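> In case you want the letters, here they are:
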Amino acid sequence: MRLSFIMATAATAALITGSATADVKFGALYPFSGQLALLGEESARGVEIAVEEVNANGGVQGEDVTLVRGDAVDNNQAIGEARRLIAREGVKAIMGTYSSSRSIAASQVAELSGVPYFELGAVADEVTGRELQYLYRTNPTAEDMGRMSVQMIVDEIAPALDKDPSEVRVGIIHEDSSYGTSVAGHQERFGEEAGLQIATVQGYPASTVDMSSLVLDLQGRDVDVVMQTSYQNDSVLFLQQANESGFKPAAIIGGGGGYSMLPTAEAVGTDVIEGVLDVDFTQYTVDPAYAPGMEDFVETYREKYGEEPRSGHSLNNYVGAMAIFAAIDGAESFEPDAIVEAVEQIDIPEGETAAGYGIQFGENNQNERAKMMGMQWQDGKLVTVYPAEAATSEMKIGQ
Amino acid sequence: MTDTTLKSAVTPARIGRHRLGLIALGLVLAALFVTPVVIGDEFVYHIFITICIFAALSTAWNIVGGYAGQLSLGHAIFYGIGAYAGVILVNMGISPWIGMFAGAAVAVVAAVVVSYPCFRLHGPFFALATIAFLEVFRVLALHFRELTGGATGLMIPLKIGWEWMVFRERLPALIIAFGMLLVCLGVAWAIRSRRLGFHLIATRERESAARAAGVGTVKVRLFAVAVSAALSAMVGTFHAMYLTFIEPSSMFSLQLSIQIAMFALIGGIGTVWGPLLGAVLLVPITEFARGALGAEAIGLHGFVYGVVLMLVVLFMPNGIMGVLARFASGRKEAAGDEPDTHIAAVARTDVAPQIGDPVLRVEGLQKHFGGLHVTNDVSFTLREGEILGLIGPNGAGKTTVFNMLSGFLKPDQGSVTLLGPDGEWHEPGNPGDFAALGLGRTFQIVQPFAAMTVEENIMVGAFHRYHAVSDAREAARETAHRMGLGRYLQDEANSLTVGGLKRLEVARVMAMKPRVLLLDEVMAGINRTDVKRAVDLMLSIRETGVSIIAIEHVMQAVMALSDRVVVLSSGEIIAQGDPQEVVRDPHVIEAYLGKEFADA
Amino acid sequence: MQTFLQIIANGLMLGGLFAIIAVGLTLIFGIVKVVNFAHGEFLMVGMYLTYLLTTGIGVHPYATAAAVVPILFVFGAVTQRLLIQPLMHARDEHIQIFATVGLSTALMNLALLIFGADIANTPNHGLRSQIHLGPVRILEGQLWIFLAAILLVTGLQLFLARTNTGRAIRATAQNRAAARLMGINDRFIYVLTFGIGAACVGFGSALIAPLYPTSPTIGTYFVLIAFVIVVLGGLGSIPGAFFGALIIGLVDALSGFYIGSDLREAVVFGIFLVILILKPSGLFGTRVSQSHVSP
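Residue numbers (the working numbering), protein chains in the order written: chain V, 1 to 399; chain Y, 1 to 600; chain R, 1 to 295.
Incorrect hints may have been included.
[Claimed, not checked] Looking from chain R toward chain Y, a few residues come up when the C-beta cut is under 10 Å (computed): (1) LEU5; (2) PHE37; (3) ALA90; (4) GLU93; (5) HIS94; (6) ILE95; (7) PHE98; (8) THR100; (9) SER104; (10) ALA117; (11) LEU133; (12) VAL136; (13) PRO280; (14) LEU283.
[As the list claims (entries may be wrong)] Some chain R residues well away from chain Y (every beta-carbon gap over 10 Å; in silico): (15) LEU52; (16) GLN157; (17) ALA177; (18) PHE269.
[As the list claims (entries may be wrong)] Stretches of chain R that chain Y covers, calculated by requiring three or more beta carbons in the stretch to come under 8 Å of a beta carbon on chain Y: (19) 222 to 228; (20) 271 to 277.
Think of the hints as simulated: they come from the structure by calculation, not from any bench.
None of the values given here were measured: they were computed from a predicted structure.
Ideal placement from N, C-alpha and C gives every residue a C-beta, glycine not left out.
Isolated chain V, as found in the complex (with noise of 0.2 Å):
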């Protein structure tokens, strides 16, 4: 059993922040240990690519930005470095966090302190959800991850299945931590508003070692399409139980996690894999027309850290700090109400991010304009199928 550790550290952000020309900091609060470590690592890698993109260019309000990490390990460890990154760093505003459990933590913290938190990669709804002022999100959530499911079943799936979206039944399954719930609730609420046959809501743990039972229980719902929210353990465990079951569903949607990653399909083979639909933040097979700058990105990236990106969640937090330094060299000072009233003029439409999505503000400081992506996997590569203009190729049902 993993112990982690409960604590704050003192002096990660000493090694890092070790260049003493240090003009205006920003903290990146990410899970850089623990179980969360490896994506938490590759978001704060979106950010640090940004920085120092914006350094090049002159930085924000023509100063240099320094970035300085905490490690979010944990709920309390979060809040010890949300404080650390603001009294003792005095950074003007906080970049985080992958997980929501920790940004829900630390936002808070910065709430309290009147220090702007922006949310580059946390999809729980909660994370925005609680009238806080100092908090924005750039990045699409659970909500809209169950909604372009949902959209890709009735305008994709059910067509192609020569079925009324009425007709079509649909089992969700998802990991039961809080990730997994609200993608899965989503789902359920968009199904049931598209008419949608809901046969089976079900939860499971993650660290699962069988999911016969389940797979045994699809197959006698008799479901057309499945819908799995999940890491990578699971999806592998899924797909590899059902294919030996002989469930042959029209359709199975992954969500996230486990599906977009190349490792899972070399686990259970490209010709299992083949054709099952994947929901997602923008990963590199975007149409690149869609997602100006991506293949710039990924350039970037190969020459920093000498290796491909491991998944496209440092793309979405490259793109969400892009945006927010922008907004804050455009601001007259770093004070917080300066950074927060330059962010909420953020204007960019669709089409013109490295993501392919825009940026704008709505309700509950949450970008209105955040969008998922429809992949699938085509002959060993998860390729963009959805909406039609990210799209590179065309989506393949019951073949």
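Starting from the known structure of chain V, fit chains Y and R onto it as the hints suggest.
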């Protein structure tokens, strides 16, 4: 288990060390509060608040895990209950100051329900059971979304002020956290230094001996669990307000449960101050490990942490308090040279003993162990002021009879009735009831409370009569002197010789001032002089009006002592009566020496 | 009906998998009397070894057992000798638990350090292909695990019952002091037993790795289930562990289908608690619980 107990001092050197220790602890506590206030940095505040929270949780855990020796790895259940109760009530507009007590009440109920069936389990089994309960609680918290918000958790509205325990500045939060730590330490200290603490540790060390000394072992442990759960829940409520956001996976967390126990372990399990020291030391160390190593590579600091944990366990198995105690005892001066008061301080008179009316009636006892008939229709009566010898060859079932006479075993048939101080006859059902009616017993295999001093061992018996520590201590000392244990009062029970342990066993029972005394081979394995002393001792005890049943193999002693003997063979009484006559009974000789001798 | 039979088959196969992990644990828990929280990490280490050997030199995963079993034997023996043995006489029995927690933490993070958080896939060499047994279908690899579990259980049972070493192990488990008087080197027996327990997991991991992706945290799920099984089957009882594993496998599969996959953990742990409280010696245990009077 080390118990660096805070006993009242006997020598000036001890007083000095004791005072020095208290001053040091006072300084640690003061530093906990003053440091962040002086530095005034929010992050430092956070660290110290965290230290206070974990030290408080660990101190609360220690009441169960340390004093009672029940290794709970599910303590996050109570912490989580407190947190959820607090947040749910805040969302209904009720202040966490009230929610705190509501949470504590629910936690107490949960603690009693969870623990009661588990007390039969010892060591690792109890730990596994608590883990299983924790998992069940976590899954249920995920499942019942209407109440708990499910996996997405619950938040509190950011209402600022003392009433809501949410503050913009950090000082008030530190005050609350520090106050909670003080409360936990105070409760832990109060329990440890009072009768309850003695009972808990006696129960932990030797459950059956504790029961024989009249300790309601289940009751005291339930009480300990309830107190511990209530404190944990209250800390949980505050921590939830501090976090402003709770979810099942971080509240009902096994890792948290283990961490809490670990602080106590590293500080010194079962000691009042150990958990505090553990948290004070470990929190900054983990800080440093994470800070220095966390950025290097994923997993490096976790690896180092695990290795350090193993090393600590290997080289500091008794925790920081153990190291401190060793350091202190290294400088220990020679204990006061009090003359060894010889036993039998009460001069023997040659007046013939006054044998009175029956005080204990044994009627038709039957007991089977599986197919073995170990006790068959055993009946006899013990009179007031009488010494009854219970003899018989090995395996005759003497100890089994004792166990039935003291409530440790239930006879299949038959009854044991005891004349109470009220003049009525009672049929007690368990060791506690027997003890309450004035029956005390010793064990064939001595059962000292290893972690206690000789004085504390005897005090456990004395607590049967006294509630206050000072009274019990006085009674214990008096008994100890009478039993010739006076000079060993402050020694650990383990350091005594076999003879000393046997005397300690008797002293503990004597401190209960029993009216009926069951002695199980108190003379076995001790030397001749000691046997003679023991005989004198028993006679002097009898002269105070106590009735005695003694199992004994030392024939010389039996003959000298007993007014009457009962001979048991293969679970049956084969003879009883005057000692001199009984030993000439051919049945008895046969039973002891075989048929040939009887015929000879 | 078909579904029901399939659930039963799935449950039995899962039970076989649990059995092969739990057998080693019941030896360690039952004989050395140590709660080994690092048992899951032994599995993880074994699976990574299998992964490295199969991908590195391209052998069949089952063939790696020849190397993994002895490596884990040594690993287990060294753990007992260096970590547990020095604590055997500690005044507090709890302390060993924390020692194994430390070992578990260190191993898991070491794996994270070396392999990263990503899953590692052992080539399955066709072990995921299906076999139809009447109306049900199972994986070839699952069947092998099940058969291997039976083999392991039988073999261990014969070893314990028929060989001198086995008898010495059982004697030590029943009464350490008496065994020592009979001239048995109890410390050696403990080292040996811990080694065998770890070697059993090593054997299991060579079989399990081709079916399940390996990750640093793979052990965490298994270790709690394995404890449930060991207690259910009766401490130290090899056949008990086997049948306990089958029962838990079936319970897991049935409750996953009929009660709901989110509550099945609660069902498994609930059963565990009921057994623990009502019959602490386990379903197949013969050990009488402590007498009231002996210290």
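> Does each hint fit the structure? Answer for all of them.
Hint check results:
1. LEU5: With a minimum Cβ separation of about 28 Å from chain Y (threshold 10 Å), the hint on R:LEU5 is violated.
2. PHE37: Given a least distance of 9 Å, the restraint on R:PHE37 holds.
3. ALA90: holds (5 Å)
4. GLU93: At 5 Å from the nearest chain Y Cβ, R:GLU93 passes the 10 Å test, so the hint holds.
5. HIS94: holds (5 Å)
6. ILE95: holds (5 Å)
7. PHE98: holds (5 Å)
8. THR100: holds (9 Å)
9. SER104: holds (7 Å)
10. ALA117: Given a least distance of 7 Å, the restraint on R:ALA117 holds.
11. LEU133: violated (33 Å)
12. VAL136: violated (29 Å)
13. PRO280: holds (6 Å)
14. LEU283: Since the shortest Cβ distance to chain Y is 15 Å, the answer is violated.
15. LEU52: Its Cβ never comes within 10 Å of chain Y, the nearest being 17 Å, so this holds.
16. GLN157: Check passes; 24 Å lies beyond 10 Å.
17. ALA177: Check passes; 13 Å lies beyond 10 Å.
18. PHE269: It is violated; R:PHE269 is separated from chain Y by about 4 Å at its closest Cβ, not greater than 10 Å.
19. 222 to 228: Result for this restraint: holds, n = 3.
20. 271 to 277: Held - the segment 271 to 277 of chain R has 4 residues with a Cβ nearer than 8 Å to chain Y, which meets the minimum of three.
Consistency note: the structure conflicts with the earlier hints numbered 1, 11, 12, 14 and 18.
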